Amino acid sequence: MEKAASIREIFAKNLRKHRRKCGFSQEKLAEKVDISTQYLAMIEIARKFPASEVLERLAKAMNINVYELFLIDHTPKEELELVRRDIIGEINKTFREVVEQALISVSK
1179 MEKAASIREI FAKNLRKHRR KCGFSQEKLA EKVDISTQYL AMIEIARKFP ASEVLERLAK
1239 AMNINVYELF LIDHTPKEEL ELVRRDIIGE INKTFREVVE QALISVSK
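The sequence shown maps to residues 1179 to 1286 in the numbering used here.
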């Protein structure tokens, strides 16, 4: 079974993805955010985690919301499993409601 990614790993992956999407080198993003290139590199390999002020500056420099740096990408198979669980949950909820209404009607 695969080990779940830590918040640092998720953040690091998303930071790299967004930095590259913006066309920034590590050096350019570090300059825009006023941190060292070495520190940014350590963040991108999940060895360091930035303070909230740095998080905000990183997001602003890449023109994204801070929360986007913490989103988890799911594989298509994982997405289908999440949808399946939601559907089953809705079916169970509806079934319980119908049975409850039927029992109320019968008891009257």
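Hints in this document: simulated from the structure, not taken from any laboratory. Quick caveat, the model's predicted, so the values are computed rather than measured. Heads up, a few of these hints could be off.
Derived pair list, reagent style BS3-like, types lysine-lysine, alpha-carbon separation capped at 30 Å [stated by the list, open to error]: (1) Lys1286 - Lys1238; (2) Lys1206 - Lys1226; (3) Lys1206 - Lys1195.
We went through each hint and held it up to the structure:
1. Lys1286 - Lys1238: 62 Å, violated
2. Lys1206 - Lys1226: The hint holds at about 19 Å.
3. Lys1206 - Lys1195: 15 Å, holds
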